[in-house]
Amino acid sequence: MDDHTSLKQTPLHDLHLSLGARMVPFAGYDMPVQYPAGVMKEHLFTRTSAGLFDVSHMGQVTIRPKSGRLEDAALALERLVPVDVLGLAEGRQRYGLFTNENGGILDDLMIANRGDHLFLVVNASCKEADFTHLKTHLSDSCDIEMLEDRALIALQGPHAECVLAELWADVATMRFMDVAEAALHDVPCIISRSGYTGEDGFEISIPAADAADVTRRILEHPDVMPIGLGARDSLRLEAGLCLYGNDIDTGTTPVEAALEWALQKVRRSGGARAGGFPGADRILADFADGATRRRVGLKPEGRAPVRGGVALFADADGKTSVGTVTSGGFGPSVDGPVAIGYVDQAHTADGTKLYAEVRGKYLTVAVTALPFITTTYKR
Amino acid sequence: MLKFTDEHEWLKIEDGVATVGITSHAAEQLGDLVFVELPEAGATFAKGDSSATVESVKAASDVYCPLDGEIVEVNPAIVDDPSLVNSDPQGAGWFFKLKLSDPSAANALLDESAYKELIA
Numbered sequence: 001m002d003d004h005t006s007l008k009q010t011p012l013h014d015l016h017l018s019l020g021a022r023m024v025p026f027a028g029y030d031m032p033v034q035y036p037a038g039v040m041k042e043h044l045f046t047r048t049s050a051g052l053f054d055v056s057h058m059g060q061v062t063i064r065p066k067s068g069r070l071e072d073a074a075l076a077l078e079r080l081v082p083v084d085v086l087g088l089a090e091g092r093q094r095y096g097l098f099t100n101e102n103g104g105i106l107d108d109l110m111i112a113n114r115g116d117h118l119f120l121v122v123n124a125s126c127k128e129a130d131f132t133h134l135k136t137h138l139s140d141s142c143d144i145e146m147l148e149d150r151a152l153i154a155l156q157g158p159h160a161e162c163v164l165a166e167l168w169a170d171v172a173t174m175r176f177m178d179v180a181e182a183a184l185h186d187v188p189c190i191i192s193r194s195g196y197t198g199e200d201g202f203e204i205s206i207p208a209a210d211a212a213d214v215t216r217r218i219l220e221h222p223d224v225m226p227i228g229l230g231a232r233d234s235l236r237l238e239a240g241l242c243l244y245g246n247d248i249d250t251g252t253t254p255v256e257a258a259l260e261w262a263l264q265k266v267r268r269s270g271g272a273r274a275g276g277f278p279g280a281d282r283i284l285a286d287f288a289d290g291a292t293r294r295r296v297g298l299k300p301e302g303r304a305p306v307r308g309g310v311a312l313f314a315d316a317d318g319k320t321s322v323g324t325v326t327s328g329g330f331g332p333s334v335d336g337p338v339a340i341g342y343v344d345q346a347h348t349a350d351g352t353k354l355y356a357e358v359r360g361k362y363l364t365v366a367v368t369a370l371p372f373i374t375t376t377y378k379r
Numbered sequence: 001m002l003k004f005t006d007e008h009e010w011l012k013i014e015d016g017v018a019t020v021g022i023t024s025h026a027a028e029q030l031g032d033l034v035f036v037e038l039p040e041a042g043a044t045f046a047k048g049d050s051s052a053t054v055e056s057v058k059a060a061s062d063v064y065c066p067l068d069g070e071i072v073e074v075n076p077a078i079v080d081d082p083s084l085v086n087s088d089p090q091g092a093g094w095f096f097k098l099k100l101s102d103p104s105a106a107n108a109l110l111d112e113s114a115y116k117e118l119i120a
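Note that the protein sequences, when read in sequence, are chains A and B.
Quick note on numbering: the first sequence equals residues 1 to 379 in the numbering used here.
Quick note on numbering: the second sequence equals residues 1 to 120 in the numbering used here.
Rather than coming from a laboratory, the hints here were simulated on the basis of the structure.
Keep in mind that the hints are not guaranteed to be accurate.
For the chain B half of the interface with chain A, some residues (derived, Cβ under 10 Å), not all of them [what the hints assert, rightly or not]:
1) Ser-50
2) Val-79
3) Pro-82
4) Asn-86
Backbone N, C-alpha and C define an ideal beta-carbon position, used for all residues, glycine too.
With the sequences and hints as input, model every part of the structure.
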């Protein structure tokens, strides 16, 4: 797909070009895969200083209750996600999943309580379908809006807080998954302390008209470097975070995906608002009985990357199939290959040796607890 | 004699043996390499066979054998340190030496100016 002309552009597109980015098509957008520094340097810089990512291709959606009572919007959204939305305090955000009738995952998302409305961030590749899904099921009680006039950037890494504190001192009071409104260079922004790298950091929603200016000024800080989608993927892989479409999709359930933590007790069997979301029968049965397969970390023993789609076997001759790699590559901070995959329940114990078929050879990989790095969220 | 392929390999041919590597353009396009798999000395390949594999952080790519021949030597330095291919692709980052089955077949490959035109 070399035709860049039909691709959408984010408000930061010109900025990417001026920074010398290599652009690639991603989820219908012309996006920077890397800048001149390259994936390796960009990845390592994010873990030691601060990386700035354009994630404006993702969907930003507001849900406003027609009644004016936020609990009505929260309960309405709970019909689509197996998550405690009602219990989410104002100024807080949590991870969620849209599930389908079979217990599969339609998308993963962030849900924030912004006082008078809910604010969602959804994956770029799913955003139109998510929007339709929300309109179909929530329009009776809520007004749903996709915010087309806002950019979204992420500032991630150990120096992210001090960089942002130069623009807004109170940022230091935010905890992981807090959401706040603040002016950066006099532009009103919505800031959450979250991200997709395993590092402490922030995601910042900015009005599109001012986004390039604000972003350029943050990039002027010597501790900040622009980071492309290439390093975004290697950073999230080391952090053990799912990529929708690779590690989770309509064919995987939350329990199979090892995302039990995303379902608060109140939505599980015995909870005050147990079930009531699509696929509840299957998902709650998975909780009770365990799933037959599970998402695990996989650490190849050698230097060769083991990538998504590679078959996994219990034996070095490739006779007994036990699973598939869903994401894999090289982890610059781990300084070696890392992967995520699904394996049959009997082979999920930490340290279990499995064999990955790569170019006709069976490479030893060990089942490993995720993440591959130590996360530094400010809890 | 220095020759190139449209698959972005270079060949430096002396006495019927070609030293083969990937071009600076290819190395730049691939980005930071993290893994290289080389053939065994003694292996024989036909033109177009996958004879080596390079992997960047993001993806794996084949290196095709540019002509028919037998591998007579490989460069273990790029296996130990794949970044050598990025830093010196047309020098210390060579892949293997190929004893050509038919040295005259090299005449059909691109010369340097034709290759530069290809990537321009």
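Violated constraints from the hint list, given by number and in increasing order = Failing hints: none at all.
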